[in-house]
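Chemist: Spelled out from the first residue to the last, the chains are:
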Amino acid sequence: MLRFFARWLTPFNIIALLFLGGVAAFRWFQERPLAIGVASEITEFMKGPQRPVLNLKLYFAAVDGRNFAIESRNITVKGETLGHRADATVREWLKGPTAQGALPLVPRDSAPPGVFARKDGIVLDLPKTWAKLRLGRSVEWLYACGLTNTLLGLEGVKNVTFLSEGQPLETLAGHVSVRTPFTAQECK
Amino acid sequence: MRGLLISRLSLALLLVAFTAFVFAQPSSKLLRVGGLSLRAVFPAGSQVAYADAGDLALALGLQMQVARGAVTLVQGGRILRISLLENVSAAANYGWGLYVNGSNQRGQAAGYQGGQLLLPVRTVANGLEATLAEDGAGLVLNLPAVKLQTVRSDASSEGDRVVFEFSKDVGFTARLEGKDAVLDFPAASGDEVNYEVGGSFIKTVEVRRGQSLLEARVPLADGAGFSTYARPASAGAPARVVLNVSKSFVRPEVQLQARKVRVLLDPSAGGADSGVTAAGLREKELVLSFARLVGRRLADAGVEVRYTRNGDANTPLEDRRQASLASDVFLSFSLAGLNASSGSGTTIMTLAPDAAREGLIAKARAALETETDEARRRLLSDVVAVGGASALLAEPIQNRLLALAKPPVPTQAPTGQTPTATDPAIPGLSVQSLVVTREAVLELAPKAAALIELGWLSSETDRVWLSNPESMRLLAENIADGVLEYLAPVLNPAGSGPKPVTKPKATGKP
Numbered sequence: 021m022l023r024f025f026a027r028w029l030t031p032f033n034i035i036a037l038l039f040l041g042g043v044a045a046f047r048w049f050q051e052r053p054l055a056i057g058v059a060s061e062i063t064e065f066m067k068g069p070q071r072p073v074l075n076l077k078l079y080f081a082a083v084d085g086r087n088f089a090i091e092s093r094n095i096t097v098k099g100e101t102l103g104h105r106a107d108a109t110v111r112e113w114l115k116g117p118t119a120q121g122a123l124p125l126v127p128r129d130s131a132p133p134g135v136f137a138r139k140d141g142i143v144l145d146l147p148k149t150w151a152k153l154r155l156g157r158s159v160e161w162l163y164a165c166g167l168t169n170t171l172l173g174l175e176g177v178k179n180v181t182f183l184s185e186g187q188p189l190e191t192l193a194g195h196v197s198v199r200t201p202f203t204a205q206e207c208k
Numbered sequence: 002m003r004g005l006l007i008s009r010l011s012l013a014l015l016l017v018a019f020t021a022f023v024f025a026q027p028s029s030k031l032l033r034v035g036g037l038s039l040r041a042v043f044p045a046g047s048q049v050a051y052a053d054a055g056d057l058a059l060a061l062g063l064q065m066q067v068a069r070g071a072v073t074l075v076q077g078g079r080i081l082r083i084s085l086l087e088n089v090s091a092a093a094n095y096g097w098g099l100y101v102n103g104s105n106q107r108g109q110a111a112g113y114q115g116g117q118l119l120l121p122v123r124t125v126a127n128g129l130e131a132t133l134a135e136d137g138a139g140l141v142l143n144l145p146a147v148k149l150q151t152v153r154s155d156a157s158s159e160g161d162r163v164v165f166e167f168s169k170d171v172g173f174t175a176r177l178e179g180k181d182a183v184l185d186f187p188a189a190s191g192d193e194v195n196y197e198v199g200g201s202f203i204k205t206v207e208v209r210r211g212q213s214l215l216e217a218r219v220p221l222a223d224g225a226g227f228s229t230y231a232r233p234a235s236a237g238a239p240a241r242v243v244l245n246v247s248k249s250f251v252r253p254e255v256q257l258q259a260r261k262v263r264v265l266l267d268p269s270a271g272g273a274d275s276g277v278t279a280a281g282l283r284e285k286e287l288v289l290s291f292a293r294l295v296g297r298r299l300a301d302a303g304v305e306v307r308y309t310r311n312g313d314a315n316t317p318l319e320d321r322r323q324a325s326l327a328s329d330v331f332l333s334f335s336l337a338g339l340n341a342s343s344g345s346g347t348t349i350m351t352l353a354p355d356a357a358r359e360g361l362i363a364k365a366r367a368a369l370e371t372e373t374d375e376a377r378r379r380l381l382s383d384v385v386a387v388g389g390a391s392a393l394l395a396e397p398i399q400n401r402l403l404a405l406a407k408p409p410v411p412t413q414a415p416t417g418q419t420p421t422a423t424d425p426a427i428p429g430l431s432v433q434s435l436v437v438t439r440e441a442v443l444e445l446a447p448k449a450a451a452l453i454e455l456g457w458l459s460s461e462t463d464r465v466w467l468s469n470p471e472s473m474r475l476l477a478e479n480i481a482d483g484v485l486e487y488l489a490p491v492l493n494p495a496g497s498g499p500k501p502v503t504k505p506k507a508t509g510k511p
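If you read the sequences in order, they're chains A and B. If you want my numbering, it's the position in the first sequence, counting the first as 1, plus 20. If you want my numbering, it's the position in the second sequence, counting the first as 1, plus 1.
Isolated chain A, as found in the complex (with noise of 0.2 Å):
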């Protein structure tokens, strides 16, 4: 019996066997149910191209609450992945405007969401603290608009999805849908 499997274990159909297992797991990687906006099945800190300092437009809430402030500024990122910049851009939104005429979208000790990079988009995994936030409609559709305009403005990020606590979110705080990602068209 064993002389008869030590006679097919040759280097050659080893390596096809191999060959087959890759192909198979390949497969399997690339088919694979993805929910939208489950943490655990994104990519987290995708390779992207290096810039060490970054020039942000960052969208703020214009003292009328129904259009943006947008202040430019540089910051240096540490890490040369796109996750890396993307987890910095929002960090430096959330420290909130300086100059007059602009207006914070969420209170600037609030905690930080996840920042995740994942094919051709952001994930911003959101405290629950920010979903509670009470802002109404108009007001709301800004603050998503917001920090989807302002982490569009990094080289190739296209979309802009928003989880809360690993799990998918139906809105953001009570009226803005956001089951499928954010994109330039909308956040015009």
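Hints in this document: simulated from the structure, not taken from any laboratory. Treat the hints with care, since some could be wrong.
[What the hints assert, rightly or not] Simulated DEER-style distance windows between Cβ atoms:
#: 1; chain 1: B; residue 1: ALA45; chain 2: A; residue 2: GLN205; range: 18 to 26 Å
#: 2; chain 1: A; residue 1: PRO132; chain 2: B; residue 2: GLY103; range: 31 to 39 Å
#: 3; chain 1: B; residue 1: GLU178; chain 2: A; residue 2: GLN205; range: 25 to 33 Å
#: 4; chain 1: B; residue 1: VAL194; chain 2: A; residue 2: LEU40; range: 54 to 62 Å
#: 5; chain 1: A; residue 1: GLU175; chain 2: B; residue 2: ARG232; range: 28 to 36 Å
#: 6; chain 1: B; residue 1: ASP374; chain 2: A; residue 2: PHE46; range: 44 to 52 Å
#: 7; chain 1: A; residue 1: ARG47; chain 2: B; residue 2: GLN433; range: 52 to 60 Å
#: 8; chain 1: A; residue 1: LYS208; chain 2: B; residue 2: GLY116; range: 23 to 31 Å
#: 9; chain 1: B; residue 1: SER38; chain 2: A; residue 2: GLU175; range: 48 to 56 Å
#: 10; chain 1: B; residue 1: GLY116; chain 2: A; residue 2: PHE39; range: 39 to 47 Å
Just so we're clear, the structure is a prediction, and the values are computed from it rather than from any experiment. In this text, a Cβ means the ideal position worked out from N, Cα and C, and glycines have one as well.
With chain A's structure known, arrange chain B on it following the hints.
Modeler: Structure of chain B alone, referenced to chain A:
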């Protein structure tokens, strides 16, 4: 040596064939449902089977309604809501697209491909507790077995009725074939029997087994019409499908007009969620008392008014969305607030038209012209009513609120005096309309729907009138009158019945 070479070549060929097999992407497969054969398609890069929504619903005997953001399928007491995305490729990657009787389950979303509405077959099967299997010929969807237990009938001079009782909820389709009403029950089994009814309109009922379905054929008397409805199974009572036949059959569109118009009012927040708060004012309390003012005015005009909450409780978003499905007008009330902002005023928001949905409405409108089946007419009528309804609702409301915000200019003044402008009915009120996207609470409302952001609690100006009962009364009455103006053609089709107020109520100053 030669043998070794041949065996290795064979192995290499096998390897190539296996790789090709693994990478092979079937673009479509045969899908057998009941006695029908459909085509299941696979969106690019996906192994999720999809089928044409209309064909699948017909094959399963389900009633289907397409609203913004969701497809609703009804089988007796089981209601499936499947999230609807524009692109079927994105829909195939959706993780939690299925609600069964309000409970969220894993499943893909529905989506459009080249204008065709597609449903995820496995998600539908899971929602119906059906099985989806694959055999050599393709996919097979098997509904759980359901048995016809009894057929009962009532005969009277007014009309005849046949009641089919089943062991569990069953889907069905009804059609007219010549002078026979024919009901098909997919996946149902039962004895082949001829029943004698002996009524004025129905003499016999013939039950026959077809391919994976049960068929009931009911010859109708000359000039008779029929209607059908289903009653879900409940404790102690079987699931029922009822066939009514009478001469004085009322056409479905007349029935729709005859029933009371239903307005659903949705005050936001509630319970532990106070909503926007400022200076001791809380959104949950302001919008509830405001909704009651609007509701009272509408009820006085003969409209059926319902609330998503009528006390200090928080109604989950999904329940509010589901409730909106049964409304003719859906109005949600909320407030805004942003510290240090100058934002103020009332904003009337309606959802932007969805191109794919508008296309569906146009198709439904065309189909309604020729459709004779009662159930389909009713379904189509609901869809047709959607076109532009929300914009038509927002317009009279906005006009009335603008009249409250602007000072009324007198047209005549005593001789020798120039007319002088007086203060507006609600000083400081500004009004605007917005067409928005992604407003979750409006997404499922099948007819006219709007979110009215009454004002900004962060604004000192708005707080003055938001906390003034007289201002709130004026605002509520004018919104209600705007709704009545929108509903006037239904409420008062022949110039009789309740008369909606035609002029903005801006008398008196708070």
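Chemist: Work down the list of hints and note, for each, if the structure agrees.
Modeler: Hint check:
In this structure, B/ALA45 and A/GLN205 meet the distance hint of 18 to 26 Å, their C-beta atoms being roughly 22 Å apart. A/PRO132 and B/GLY103 have their C-beta atoms about 34 Å apart, which keeps the hinted 31 to 39 Å range intact. Here the CB-CB span from B/GLU178 to A/GLN205 is close to 49 Å, at odds with the stated 25 to 33 Å. Between B/VAL194 and A/LEU40 the beta carbon distance is about 58 Å. The supplied range of 54 to 62 Å therefore holds.
About 60 Å separates the C-beta atoms of A/GLU175 and B/ARG232, a value inconsistent with the hinted range of 28 to 36 Å. Between B/ASP374 and A/PHE46 the beta carbons are some 50 Å apart, a value that agrees with the proposed interval 44 to 52 Å. For A/ARG47 and B/GLN433, the hinted distance range of 52 to 60 Å is satisfied, since their beta carbons lie about 53 Å from each other. Judged by the Cβ atoms, the range 23 to 31 Å given for A/LYS208 and B/GLY116 holds: they are separated by roughly 26 Å.
Hint check: B/SER38 to A/GLU175, Cβ distance near 50 Å, so the stated range 48 to 56 Å holds. Restraint check, B/GLY116 to A/PHE39: a C-beta distance of roughly 43 Å satisfies the suggested window 39 to 47 Å.
Checked against the numbered hints above, the structure violates hints 3, 5; every other hint is satisfied.
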